[in-house]
Structure formats: structure tokens, C-alpha cells
Amino acid sequence: MVERRPVMTLVAHLVLIIGVLLVSFPLYVTLVASTQTSEQIVQQAPMSLLPGSNLIDTYRAALFGGQTASGSRISPVAPMLKVSFICAMVIALGKISISMLSAFAFVYFRFPGRTLCFWMVFITLMLPVEVRIGPTYQVVAGLGLLNTYAGLTVPLIASATATFLFRQFFLTVPDELTEASRIDGAGPIRFFIDVLLPLSATSIAALFVIQFIYGWNQYLWPLLFTTDESKYPIVMGIRRMLGGGDAGNEWNVVMATAILAMLPPALVVLLMQKWFVKGLVDAEK
Amino acid sequence: MASLSIRDVVKDYRAGLRVNRVIHGVSAEVADGEFIVIVGPSGCGKSTLLRMVAGLEEITGGQIAIGQRVVNDIEPAERDIAMVFQNYALYPHMSVFDNMAYGLKIARVPRDEIAVRVRRAASILEIEAFLDRKPGQLSGGQRQRVAMGRAIVREPQVFLFDEPLSNLDARLRAQTRIEIRKLHAELGVTSLFVTHDQVEAMTLAQRVIVMNAGLIEQIGTPEEIYRAPESTFVAGFIGAPPMNLMTVRGDGSSLSRAGCEWSLSGSVPRAGDLIMGVRPEHARLDDRGWPMQVELVELLGAERLIHGRLADAPFIVRTDARLAAPSAGQIVGLDIAPESLHWFDPTSQKRIPA
Amino acid sequence: MAIEKRVRFGNRWLPWLLVAPQMVVVTIFFFWPAGSALYQSVLLEDAFGGSSQFVGLDNFNRLFSDGSYLASFRTTAVFSLLVASCGICIALLLAVMANRVIRGATLYTTLLVWPYAVAPAIAGVLWLFMFAPSVGIVSHALRSLGIEWNHLLNGNQAMALIIMAAVWKQISYNFLFFLAGLQSIPKSLIEAAAIDGARPWHRFWTIVFPLLSPTTFFLLVINIVYAFFDTFAIVDAATQGGPGKDTAILVYKAYYDGFKAMDLGGSAAQSVILMAIVIALTVVQFRYVERRVQY
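Chains as they are written, first to last, in our numbering: chain H, 1 to 285; chain P, 1001 to 1354; chain C, 2001 to 2295.
Hints in this document: simulated from the structure, not taken from any laboratory. Do not take every clue at face value.
Looking from chain P toward chain H, a few residues come up when the C-beta cut is under 10 Å (computed) [as the list claims (entries may be wrong)]:
id: 1; residue: ALA1054
id: 2; residue: ILE1074
id: 3; residue: GLU1075
id: 4; residue: PRO1076
id: 5; residue: ARG1079
id: 6; residue: PHE1085
id: 7; residue: ILE1106
id: 8; residue: ALA1107
id: 9; residue: GLN1157
The C-beta atom is built at its ideal place from N, Cα and C for all residues, glycine as well.
Can you build the whole structure from these sequences, using the hints too?
What follows is the structure, encoded as C-alpha cells:
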């Protein structure tokens, strides 16, 4: 903005504030709902927009299970949090490690079949798991991995975003650094550990945020894949809670579960916002 | 320390089906402890040659030997060399100390010895104060010294320098040049230094290799290549302002060009078309000399450069600034001693011996 | 930036070792299923794994003459275009505003970016709650304004619901990219235009927006792919494709047919068609983006 117009700045702030309010409204509603009892929500419809006093009870019921007023069982969410966490970590760390290694191979080596492997990996960028769900299920079932953490996570490591991000980054590392380390006597593995890895720290951090969220938020795959309740991640588990129709749902518990499900990824984003923004924007360049 | 021997070295690059030859068979012998500068314009192949000595490029043909050992197939790390890069190539995430210690650590040198060697190199280069800092916190000149420190610490047989001064500003360049000379005087390691700057070549080298388009034009001491350039390329490349070169027709004691005729107090080496070379400082202003039309005069402080045309060929004369300056448009006379004239063959571009 | 590196290490077997983990995972969990989908799409299978016969392109023909499949196509097209355009317009507006304020830009960014972390499934649940016909806050507000809201019965309202949920989630992603794109436009260009006499509105349309077009195009493709696939969870959580089949987008239908209706061949054929669409979109994006030179 070249001209100095205080009115325009005011308008800009106004628009942004409205935007923030609109974006945050659902969150606010959820939070408030999770502090009330289910009767308050259903019977006092529309529910009050002020926080209720039932916070502790609601969250305790959500986390550890309990009984509704009508006597039906609320399944505890705490184990689901654990499952989600494990999945997210395995997916994030797994993807980062195998992608770093293959990006290193693609950039710094010339070997027969390199182009073929590169294109094979590249194609995986194009097809998200939703497109190949049926057959993937059959493959995993055939391998005997049903209802295991391995089956829950490994198929999701197959796409290539991380490989490309690392490849992009490695291409910007000056050749002379590699030559200097070669003269210093470092072989490729030493070079990778001593030089490349430390230099990639920001990319790794950014990717970690993105992949953690990706892994945590997985829905379709766990939906199809697990029948064992002890292996439900929370994002999928919440769906099962919605079976009772409008009034039949324990909305306060559902909302509390939603808050719990949103918390870890939101924390990761907020704490690592700097790297996350950099990683997202760089990834698509 | 060791001698360096380059014999009939050839380099080809493959681009698809085409083969591009960039070095056409060069040979040079560097004595033990000698400081040799390879100088030439961009693209002449000097960096490629250096990188072949380092082992960073494959040698397509010929042989390179360090000491008495042929190193064609030996990995850079095994050649016992050290290299200083144009862009310093310091590991940005390691401290200066770790940067210098890295190669020794890989070679499994014991820790106390590493510390001794690093500190010794640091004191020679006066960078002890920076040992704990990261390269990002240092200036260009300081980084260059760290890069040299990394090379010194390895105590190699040969030092390789790849245009290390190009990224420094003019003042730092002059300063670092002197430091490199002092370093060589103190350590006496065989050194191969590549640059495109002929001033660096003249001031640093014990001997100079002038390269052009993948071939060696001349090898000699700075004085030799200045006094007796073997080709018009060397004549025009070394010396600033460059040597004046023009084609003339000679016969006995007379020269002619573009309708002008001059007489020599000596005689031409042979009759016919020749290329005559005169260094700007070898022409004196004298009313009875060859007529030159002055176009423009530059004052450099202690000296003056007079740009003009001699028989329609551009010509520069260097004179003392204390003498009266001619003005543009004036005709001045040039007196040139016959022994300062250089003669080259117009077809081969090579020097004609007197 | 180089496409290839000048330096290479010479080992023979090491690169294979490094690439192996990814190749193994990719082959088993990508190529095998993808190939399987292709194969199954030309079979007519007995749902209980009894017999299967090769039927060529029968499954595909059946799909294209199936009214509900074509309807699903239309639903998906409407859905994705609306999600993409709303998401992009709102995000662009917010980004332009955020680019203008000096104080608080980081705060606004943080507050607008966090929905990225929300799972689509959760977004579906949240919006479902707000619009639940009996208990939802917003549905009550609408009723008091005279609008009867019941997305369980009204197909258009159901569509509106999932569109809102999808756009809400996607705004943060678009916002980030637009902000980065705006900040990469050299200020000197804007200043030169101002000196040339262009007013802010005019400047935006003739300078800023064209320079932003690679970002806009990129986001368009990403948003469409997002609308095609990542919104599955929103649909499943909020409307389950209903009422009837009014919100059954293509990916949802593929899932439903494969796992609920047990039409494996048809579902596989649908997957193949979806694959083709994504590949086409990705190719278009790469071609277009690669051809654009950075300013």
C-alpha cells in the first residue's frame, strides 16, 4: 500500500477480525458445548453461548468412559488418543526417514534404474490413498496385517511428498561443500550424517509438522481397516459416536472428544508455526 | 611436499552422443615446493585442470602424478592434497575449529594432535579468536583464512587454490595475496593456484602457466612471460594496459601500414606481413617519432595513459604524469627503441625469434 | 537452481540400499493396489470371492449409463467448483488485508492458520453440530430469521453444509499461499505503478492479480483435488452422502459401492476413473506451473 490511508487500514483490520471470528466461531461453539451437560444442550436448544460448569465431568467421561444419563455406554477416548499419537509419530518419522534416504540417493548418485525409480516415486504423488482404498485393503489383508499398527501406518508412508521436498532442498546445497568433504576424506554416508542432516534440520521440522497432522487426521483408511476398537484413532472414533441421531447423541461428550482430537495437531502447528509455514510454501515450489 | 607432474592430459565432456574436448593435451612439471599459477580467461580449462589434479574430475587421457605416484585412479582423499575453494566451502553448521578438524577426524588422528595442529594453523593465520564461531558470523576475508587453515592443517603434499580471491573486495584481495605469499615462504608446500587475474599471477607465482582454450600457451617465470611472450595471446593477456598489437608490412628497415610509412633504426626479422607488439611504457613522446593522433588522455595519478591511433590502429602510450599532457586531436610523435619491439607471425600468432 | 548435481558419489550398491525402503513400500502399497484396481475394474466379481469373469469395459459402460453415477459426477463438479472458488476468494481477500496491516500480521496469521490442523472428519462433526436441525445454534438462528433448516431432508442445504465445512478448513491453506505470493511481489513494482498513476483498485487487478496467477492456478488445482478426495471424511461425518444421494461425491460413492453395496467391480472402475482425473489434473498443473518463469 503506497498511499497512506488510515481508513483503509481500519477496514483491513475489520475484515481480518471478522475473518478470524468466523473461522474461530465453530471452535468456540465446540468448546462451550463441551463444558455443558447433554441435557443442557438438547433441552435448552439453542444451547447457551456461555460456558457451562460441566467441564471436568464431561472431559472425564470422554477420556475414561462412563455412562450417559440414559444408561448407554460411552467408550473411553484416552486409548484412541494413544493410537492416534502412535500412528502420527510412526507415519511422520517413517516417511521422513525413508524419504531422506531415497532423496539422497536420487540427488547424489547415478545408478542404473535411477530414472525408473524416480518416476515410480513421482507417480505416487498423484494418487491419494482414497483412490486405491479397496485394493490396498486387500493387499494389507493378504499380508496378514489387519488390525495392526503396521497395517495402519505403512500404506500411508507410500507417497512421495517428503522425497520431493528433500530432493528440492538437497539440490540447493552447494556442490563445493560436497567436494570439500570428499577431499577431507568423507564417504557418502559420513557426508550424509555430518553435513547434509544438520543442514536439513529446518526441512525436517517442517515436514514433521505436515506429516504429523496428516497421520493424526487420517480417517478413511482406519475406518476401513480396523475392526478392533482398541486400534481406533480418535479422528475416526469420533464418527462412531454420532450414531444416535440428533437428540440421541451425547453432544457434550462428542464436542469434548472433538476438542481433544484437535488439540495435539493444533499445538504442533502453533509451536512450530515458523517451520510449518516455510515447509508448506517451499514444498510446492 | 612433492613434485607434481602433468603429462599429456586430455579432458572430454560427454553430452548425449556428442563429445566435447575441453583440454587438448597439456603437460607441465611442477618442482617440489614451487608456487605455480595457472592463469587464463574464463572457460580456458584452468579450473578443470585443477579439479583433475584434485580428483574431482575424471582424467580422460594422459597422466597426473603427485610425488612419484600416478594418481589418475586414486580418490581425492587419498591423494594427500588440500584445496581452497572460491566460495570457501566451509561447513556452515560447524564451528571454525570443527571445520578445520573435520578431515583429521575422519583420518582418525588422535584428539590431542588435532588440537595442536588446528591451533598452530590458527595462529599462523591469526584466526585463534574465531575458533568457536560459526562461518556465518565471520566476514569474507576471515572465512577465506579459515578455508586456508583447513588446508594447512592437513599438512598435504600439494595445495590447490581455485580462484580463492575472486569473492573478496579489492582491498582484501591485495591483503590476502600478501598473506598467501608469506604463507608459502613459511611452509614451502608445492602449490597450484588458479586465477583469471593476471595481477595475481604476476605477483604470486614463481612460474606462470598461461592457458587459453584448453591449451597451454606458455610456461615461464613472470618476468619471462612479460618480457618475451610466446604468442599474441600471452602478449595481450599479461600486462595492464595490454600490449599494443597491430599488423604491419615490413621490408628491411621500413614498415608500412594503412598508407603510412616508418623507418626503423633496426630491421625487421623477416620481410612481409607481421604483427608488431609494443608495450605502452616502451613508447616515448618525441617530436621526430612516428605520428600518432591523440584521442583521449587519462590521468592515473603517477602516470598518464594517452589513447590514440597510430596509422589507424588503436594505440596506448604510458607516460610519466609530470610531463606535459597532449590534448585530444593533437598529433604526437612516438619513439620506440627497436629492442622493445615484439614480432609475431600473423598466421600462427606465435613469436618470431629475433 | 540446478536440476542435476555436478558432484556424484561413485558407489555402486549403496544407492540401491538407500532407495530400497521407499521402493519396497511404494511397490507393495501403491503399485500393487493400483494395478489391482485396474485389473478388478474389468472383472465382474462375485461379492463373496466365488467366481470372477472378465467383462472388458462392461463395468465402465454400466457406470456411464447409470443415472446415479452421472448424478454423482455432477454433484462432485458443483461441489468442487464451489469449494474451490469460495475458498480461494475468501482466502485472497484475507491475505490482501493481512498483507496491508503492519501490526498484528503474525497474530492474524496464527489465528487464521490453525484450522489446517483440524481433521476433515472433525470439521464435519463441528459443522454438523452447529447446523443440527434440533440442537444446532445456527439452525436455530436461521429459523428465527424465517429460514427452515433441515439438511436431513433438503438436498441443497446438505450440499451447503458440506461446502461450508470444506471451505472453512481450506481457507488456512489458501491463505498461507496467497500471503506468501503477495509478499514475494517486489514492492518496487507497486511503487512504479503508483507513480504511473494507477489507483489501488486498478493496481490490484492489473499488477498484483496477474503476478499472483501462478499461485492462484496452483491453488485452484490443489483445491479441486482436495474437494475430490480429502472431503470424504466431511461427507461421511456430516451427511453420509444424503439425503438420498444428494451429497454423494464421487469418492464417497466409490467407497459406498465397494464396501456397503459390495459392487467390487463397479467400485474398482470408479477408482480407475478417479485415478484418471487426478492424473490429468496433476499433469495439467505440472505443465502449467513448470512453464511459468519466476519473476
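Out of the numbered hints, which ones does the structure contradict? 2 and 9
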